[in-house]
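Residue numbers (the UniProt record's numbering), protein chains in the order written: chain A, 1 to 124; chain B, 1 to 200; chain C, 1 to 349.
No lab work stands behind these hints: they were computed from the structure. One should not assume that every hint holds.
Derived BS3-like pairs: lysine-lysine, alpha-carbon spacing no greater than 25 Å straight-line [claimed, not checked]:
hint: 1; chain 1: C; residue 1: 324; chain 2: A; residue 2: 117
hint: 2; chain 1: C; residue 1: 87; chain 2: C; residue 2: 147
hint: 3; chain 1: B; residue 1: 185; chain 2: C; residue 2: 77
hint: 4; chain 1: A; residue 1: 118; chain 2: C; residue 2: 324
hint: 5; chain 1: C; residue 1: 24; chain 2: B; residue 2: 4
hint: 6; chain 1: C; residue 1: 87; chain 2: C; residue 2: 73
hint: 7; chain 1: C; residue 1: 87; chain 2: C; residue 2: 77
hint: 8; chain 1: C; residue 1: 77; chain 2: C; residue 2: 147
The chain contents come next:
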Amino acid sequence: MLENYFPVLVFILVGLAFGVAPIVMGRLIAPHRPDSEKLSPFECGFEPFEDARMKFDVRYYLLAILFIIFDLEIAFLLPWATILREIAGTESLRLFGFFEMFVFLGILVIGYIWVWKKGALDWE
Amino acid sequence: MEFKTFVFYLLATVMVFAALRVVTVRNPVHAALFLVLTFFNAAGIWLLLQAEFLAIVLVMVYVGAVMVLFLFVVMMLDINIDRLREGFWSYLPVGAVVGVIMLAEMVLVLSGPYFGLDAMPEPPAAQAGYSNTRELGRVLYTEYVYPFELASLVLLVAMVAAVALTLRKRTGSRHLDPAQQIAVKRADRIALVSMPAEKE
Amino acid sequence: MEALLEPIASLFGAAWPAVWTLAKIVAIIAPLMIAVAYLTYFERKIIGYMQVRIGPNRVGPLGLLQPIADGVKLLLKEVLVPSATSKGLFILGPILAIAPSLAAWAVVPFWDGGVLADVDAGLLFILAITSLEVYGVIIAGWASNSKYPFLGTMRAAAQMVSYELAMGFALICVLMISASLNLSEIVRVQGQGQFADMGLGFLSWNWLPLFPMFVVYLISGIAETNRAPFDVVEGESEIVAGHMVEYSGMTFALFFLAEYANMWLVSILTSILFLGGWLSPVGFLPDGFHWLAIKTSMVVLMFLWARATFPRFRYDHIMRLGWKVFLPVTLFWVLVVAVWIMSPLSIWN
């Protein structure tokens with residue numbers, strides 16, 4: 001199994017190198033004549049008058065938390081989905097393997113409906 | 001040295017270094033990014049332990065989702081570093097106690113009979129057609145079915161708590177419900193009135 | 001082949017596996033980069049024709065040298081690092097944008113057995129590595145320390161994670177049918193079934209039983225790559241180029257390459273997961289890489305067509321589509337497929 005992942009490791013390293021190389025090349029080949037006007041942040045023709053990093057709507061955090069929860073749900077579904085056909089073929093496990101996942105999903109769907117009703121998914 | 005051992009030491013070194021940087025760098029965004037690097041190396045080490053599914057899920061869930069939230073928070077919350085440092089000395093005793101307890105627990109667990117090469121033999125070499133994910137599924141959905149169902153309850157609680165803690169209705173928003181916009185009928189917007197032509 | 005490589009292999013000694021892997025990686029990346037370069041050309045050409053224009057036609061015959069001219073131009077432009085930025089992260093942003101969009105290709109099968117890393121958890125690997133793409137955007141936007149990138153980043157990050165969920169649930173459906181995370185195996189399963197036996201292979205591919213998921217995956221793919229009509233991230237009329245505003249020269253080029261490489265990636269994955277990969281649509285024609293190339297090009301054409309056709313979505317509509325339409329639909333279809341597999345009507349045994 002591990003020998004299969006060796007190319008993946010190499011590929012990730014090559015990917016990073018592929019990102020570094022053009023920047024280095026650009027630095028070497030292209031002109032480099034910075035001045036203070038050129039290096040100022042992009043704005044509509046005036047000096048920026050405050051730090052751009054400001055507080056943000058809490059909605060984005062809520063969205064990120066909901067994303068984590070559903071992402072975990074996907075992680076739990078993955079092994080189940082891979083053995084579903086096997087479960088369907090085994091008489092003793094058939095209904096058990098089927099319903100346990102739907103209890104799991106059912107509980108989360110209740111949460112999803114509640115979140116929806118609360119209006120947490122509305123984007124105003 | 002075998003190549004696998006070399007990779008292990010490489011990953012372990014980077015991981016320990018990154019973990020140290022998480023607690024030593026001053027900028028919280030850099031700290032969060034070093035934590036990402038730590039998770040990434042941890043995933044690599046899990047992969048070396050043949051835990052294929054867990055290793056990749058670690059990247060998917062922790063790096064792909066949890067750390068995105070962390071970054072959102074530290075990037076957008078405008079954390080004032082000086083204010084954070086103010087309480088350092090008053091929090092130190094509490095922090096030290098927690099640290100010592102954790103250290104003691106780690107020593108107890110790791111020095112017990114559960115670890116070591118004789119307690120944890122190398123997993124048998126995988127046969128053709130072996131699938132880590134499938135094996136995990138077979139165990140998780142039969143033997144560990146109750147913890148599995150409990151996990152969904154934990155997630156439900158997390159969902160409810162997140163919404164209860166952070167959801168605020170905005171006032172003065174000019175939001176229009178798209179469903180209503182789409183469902184609008186001609187009759188809602190326009191009324192045709194028949195008026196007889198007026199004669200002078 | 002093996003015998004031919006023997007003398008070269010002995011030349012490198014123990015380092016041979018690494019060298020051979022590198023050679024294969026170059027054999028994947030080089031054509032990919034050519035495909036990316038010419039995708040920019042075809043995009044301008046095709047959208048041009050759709051809008052009754054000619055598109056680029058000055059550089060070289062039919063404008064065919066245009067992408068190369070663009071590349072050279074970007075290479076000769078100054079790499080600016082604005083003074084307000086966090087320097088290190090500003091450079092790291094584009095690197096983290098391109099690296100995952102290339103690394104994902106490690107597990108993509110091009111023909112039967114033609115895959116660099118035949119890992120068992122291929123689909124999972126794809127899910128994990130594409131979830132890293134959001135980092136390039138977040139880091140670039142934050143490091144720029146400027147308002148347009150910041151707003152663009154928030155939008156992009158929220159949009160990308162939302163559509164990742166829909167994609168994830170759509171992939172669960174594929175997984176239930178194929179019972180394997182291995183991408184080659186997923187293609188092979190699509191080559192079995194009644195229709196395939198009758199010589200009508202294209203009816204046994206996943207797009208038919210999973211049609212709603214196919215549509216969801218395709219649309220989510222467009223949203224995930226931040227392409228029109230979901231490109232509020234870089235809506236020129238409101239926030240200029242989003243997280244890329246402060247970038248110039250090669251740092252900008254990397255974002256550009258990553259975006260187009262991602263388009264190819266989503267297209268080839270759609271072809272593999274739903275359109276039977278390298279399988280031939282009819283029984284009397286041989287399978288092979290050419291089928292995958294044709295299918296992938298067709299899906300990419302859909303991307304361009306969508307860009308030429310639809311006006312940009314409003315941001316709250318995008319979020320609504322992801323969370324309130326795609327998520328319930330995919331959840332429901334997981335149920336449908338599960339019941340289908342359990343029932344005697346199952347077509348996958």
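Here's how the hints hold up against the structure:
no.: 1; hint: 324/C x 117/A; in the structure: holds, 11 Å
no.: 2; hint: 87/C x 147/C; in the structure: holds, 17 Å
no.: 3; hint: 185/B x 77/C; in the structure: violated, 54 Å
no.: 4; hint: 118/A x 324/C; in the structure: holds, 13 Å
no.: 5; hint: 24/C x 4/B; in the structure: holds, 22 Å
no.: 6; hint: 87/C x 73/C; in the structure: holds, 24 Å
no.: 7; hint: 87/C x 77/C; in the structure: holds, 19 Å
no.: 8; hint: 77/C x 147/C; in the structure: holds, 24 Å
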